[in-house]
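> Protein chains in written order, with my numbering: chain A, 1 to 291; chain B, 1001 to 1316.
The hints are simulated quantities; they were obtained by calculation from the structure and are not laboratory data. Think of the CB as a built atom: it goes at the ideal place given N, C-alpha and C, for glycine as much as any other residue. Hints are not guaranteed to be accurate.
Stated by the list, open to error - Examples of chain A residues lying across from chain B (beta carbon under 10 angstroms, computed):
(1) 37
(2) 87
(3) 89
(4) 108
(5) 111
(6) 220
(7) 265
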Amino acid sequence: MFLVDVILSGLILGGIYALIAMGLSLQYGVARIMNLAYGEFTIAASFLAYVMFTLAGVSPILALAVAMPASFALNWAIYRVLMTPLVKRAKSPGALEVDSILATFGLLFVVQGILLMIFGGSYVSYSYLAVPVQIIGSTVALNRLLAAGLAVAIALALTLFLMRTRIGTAIRAVSVNPAAAPLVGIDTTAYAAFAFGLGGALVAASGVLVSMFFTFNAAMGVVFTMKALIVVIMGGVGNIFGALIAGLILGLAESLTAAFLDGGLTLAVNFALFLAILLIRPTGLFGKAAR
Amino acid sequence: MTAKDWIVPLAILAAAVVLAPLPLVAGSYWMALLVNVLMYAVLATAWALFSGPTHYVSLATAAFFGLGAYTMAFLGEKLPLALVYPVAALIGAVIATIVGLSTLRLSGVYFVIFTFGLAELVRQLVTWAEAKYGGTVGRFVFIDVTQQGIYWMLLGMLVLVLLTGFLVQRSRLGWALKAIGEDETVARHAGIDTTVSKVAVFVISATFMTVVGAIMAPRWTYIDPSIAFNPIISFQVLIMALLGGAARLYGPILGVVPLAILFEILQANFPNSFSILLGLAFLVIVYFVPSGIVGLIDQGRDVLGRAGRRRAHPAE
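Okay, chain A solo, but in the shape it has when bound:
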């Protein structure tokens, strides 16, 4: 069942893309920072999992427990130290957008440079749970399945957190209207920093999950940033459900392209899809407000 294989692997890939993009969606949708260093943090988390596994034999699941809080703290600090001055300085949302893009570019190169210094430019991977599993007559590696399962679990937990808790409600309020949120007693800056950190925790999770079945190197962050951006924009900025759907579409498109067209054209197809959606719906599939 070749087609089932392709669709299954596309869905698994798509689930991971969705998770990668959710963090970015939180950071941009709530904190209004377009973080272009995003993919570098994915790769950094992948390397953390790789080091813990190869040096100490620690399972990637445990690496998640280390990487997520660490990345939360780091991203929270980045917002507080690096981004707050830009937020204060910005005269308009557009100015903040440009400034944050430029600042996170700087960050991109710094993080990438550090990774290159430590790990060099070579590709690495490790073998964890590389056991074949049968699903609907098709064979999948257990590590991929586990990664996709965890991605879904984390996405569900996030959705519940945003929808059912007080903090989640406040975060959504800031996302919808940062000017009005303080009127009901919400400290916008604090929640923006929290959301930025939360996005960081998600990116670390996706980095660890990806490392379980993916070969990566220090220079690959841009690819992840690109994919996350495409998913976020396709799904509609700040829309977690949109990110899920767009992630799945992207994952499917990618595995279908690789299977039926040419492996070298996956990015081109992704990009064409992205452009087509933007031209038809400039705010993304599920986006509402203009711009």
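Starting from the structure of chain A, add chain B where the hints point.
This is chain B only, laid out in the frame that chain A set:
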């Protein structure tokens, strides 16, 4: 034009005349550095032509530069050299028109992301086509252009891009762009055809970038997509133009000279930590020189002007 209007073009030409004989005295190391500085000067000025007044941050520089380099690699030995540059310009203009028409309705971050991906997309398409139809991914460029020749061509391009910028700024088109940068909706209501204005200048800017790519290609004897479409080019052009200040015609050059030299030194001495240093340079510029050297000069002028006035009217 009145006498005053002739000052800028005459100053540009005079500066070019002064700079033209440099290859006759400079050694090969200095030549390499000069060519580098000139290349970035043309690219950054061309970038600022579009992005300066509109505030649309474009990261597509590498895409057009690479297209130019590949045009030279493909046609350099098949066509007379003097024909290759116009062909490159034409290709750049056509692609920029297509890209411009389809993407310039995107604004803000969407536009940045699109251009960010464009170079990557073109690179992947070229890699794929080369691997499939060319047999190998890399390509040798054996074209007989000397270092001096490249220098003079780039100098000519710099004069051309500065003069173009000067003319555009003074024209209706220039004012239309400024209005778009201030507020696009208002500009549209004022009767400006924003799409035509944006696409026109985007195409002019991209055409210059493409020709620069074609001029630079013979400098490498071997190119592959990761050299020609190197995204670092886009980033460096952006940061140089920002450091100088994209609001003035001469602004980007003020940023190009120190940064091109700095990056050259860093790359030669700290190749392993170049990326970190580039990133730190980015951060320093964004945080401490947000309006560029041009902004600092204006501030300085303000301070001096105020001090001068105070001296003239001590009672105030």
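> With reference to the structure, classify each hint as holding or not holding.
Verification of the supplied hints:
no., hint, verdict
1, 37, "holds, 9 angstroms"
2, 87, "violated, 13 angstroms"
3, 89, "holds, 7 angstroms"
4, 108, "holds, 7 angstroms"
5, 111, "holds, 8 angstroms"
6, 220, "violated, 12 angstroms"
7, 265, "holds, 6 angstroms"
Hint check: violations occur at hints 2, 6; the rest are consistent with the structure.
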